[in-house]
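Visitor: All chains, please: the whole structure from these sequences, using the hints.
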Amino acid sequence: MTEPPRPSRPPTQTGWQAATVVDVRQETASAKTFRLALERPGPFRAGQHYVVRLTAPDGYTASRSYSVASAPDDGGGEIELTVELLEDGEVSGYLHEVVEPGDRLEVRGPVGGWFTWDADTPALLVGGGSGVVPLMSMLRLARMRRREDLIRLVVSVRSPADLYYADELPGPEARVVYSREAPPGESRPPGRLTAEDLLPAPDRRTTTYLCGSAGFVEAAARLLVEVGVPVERIRVERFGPSG
Amino acid sequence: MGRPTRGFFGRGRRPAGDRLPPGQYDTGADWPVLSAEVTPRLDTAGWTFTVDGLVERPTTWTWDEIHALAPSSYSGDIHCVTTWSKLDVTFAGVSVDTLLDVARPLPEAHFVLARSHTGYTTNLPLADVTGGKAWVVWDYEGRPLPAEHGGPARLLVPHLYFWKSAKWVSGLALLAEDTPGFWEVNGYHDRGDPWLEQRYQGD
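As you go down the protein sequences, you meet chains A and B in turn.
Note that the working numbering has the first sequence beginning at 4, numbered continuously upward.
Note that the working numbering has the second sequence beginning at 6, numbered continuously upward.
Do not rely on the hints blindly, as some may be mistaken.
Only some residues are given here: those of chain B computed to face chain A with a beta carbon under 7 Å [as the list claims (entries may be wrong)]: (1) THR10; (2) ARG16; (3) LEU39; (4) ALA41; (5) THR88; (6) ASN191; (7) GLY192.
Note that these hints are calculated values from the structure, not bench results.
C-beta atoms are modelled at their ideal positions from N, C-alpha and C, and glycine is treated no differently.
Guide: Here you go:
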């Protein structure tokens, strides 16, 4: 983060547009992926997010940001947002309980130009729970571009039932760490993420993308520093309880 | 107003009523932590705060020196661009006016670029940090400001979205021209007035 800001602003599409829900998939008991066809499709970068806005009949609105899980190359003007159902979540609750294919939502984006990866530099991706979502966009991009050599993903989840994108994870470049309950045959006993899980330590050219709850991020950042990652090579996205 | 979303009636309306800017909800007792960098652990013994750029007297204060200035506090609401607002919070520290009284801005200074010990930056019109509207704070609800919320000291500009209230603040540079900071380069608004919903560039 000591890098100076880039001189030019990356393209950000700021207007609201309609998006049609074309598919809804259950990722886990508390997470669904919504595939949206955008009215005005545009480019985005892996790691960026979109804002979803809901409008009540009286004009009241509620909006929340959700990271894109699909890869930029997954074309057709469609994006996938994975949404975790939060307790009392006004927007996540609506998306989970009401939305079905054919519904129209308002979205705005892409947003964010810092937590992004373009498949041209080495990257270590570290995610906790739902924090895997923007990292999945990066992993999928790497696989589509056949640049798995540039990337390594470590994702920490409580149990196999909490793993998003289970049919695409793990892989040679993607490691899943279970903190409470491991699947049968897993040699690593369940336990919190450790420094060893992050080895081999990335070199100085590698950017580390760290995403998860505030608690996970702080704990993982300490481990990354322990294995020798300079703090300024870590980019962070904290997933807050934002409904 | 956009057309209604099928089956959405909203349950976020709170008694907070007109204290919430458009599109915001009351986060209650929660205080979400959002930042783009690893939380730094800064030692107050080596901490400094500097006002420089277009000023008559560029000035640096140590932790003890800034605490010796006239205290000032803010009680009210804060609003994050990610749509949460937190009502009735109290911060204490020093008014930015007090710091500028010492450094004396030159007439051509119209903007500030706040910077942090982590390298984070954010830009503001000078008029948004003068006249009792901005503070450097180190105390939250009577206790030291926690590191994850910007401690030991952060900028506080509560009438703008909270990314303008730079965590781990290290100084202000006074400038003639507006110079986009970290999030502003990345698509966020140069001013960030929550009542005008100035979230992104172009709003």
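Visitor: Regarding the hint that ARG16/B lies at the interface with chain A, is the smallest CB-CB distance below 7 Å?
Guide: Hint on ARG16/B: holds, closest Cβ of chain A at ~6 Å, below 7 Å.
Visitor: Against chain A, is ASN191/B within 7 Å by beta-carbon distance?
Guide: Since the shortest Cβ distance to chain A is 4 Å, the answer is holds.
Visitor: A closest beta-carbon separation below 7 Å is what the hint needs, so does THR88/B meet it against chain A?
Guide: holds (6 Å)
Visitor: When the nearest CB of chain A is found for THR10/B, is that gap smaller than 7 Å?
Guide: holds (4 Å)
Visitor: Verify the interface restraint on ALA41/B: the C-beta must sit less than 7 Å from at least one C-beta of chain A.
Guide: holds (5 Å)
Visitor: Would you settle whether the hint for GLY192/B is holds or violated, based on the nearest Cβ-Cβ distance to chain A being less than 7 Å?
Guide: For GLY192/B, the interface hint holds, since the closest Cβ of chain A sits about 4 Å away, which is under 7 Å.
Visitor: With chain A as the partner, please determine if LEU39/B meets the hint condition of a C-beta pair closer than 7 Å.
Guide: holds (5 Å)
Hint compliance for this structure: no hint is broken.
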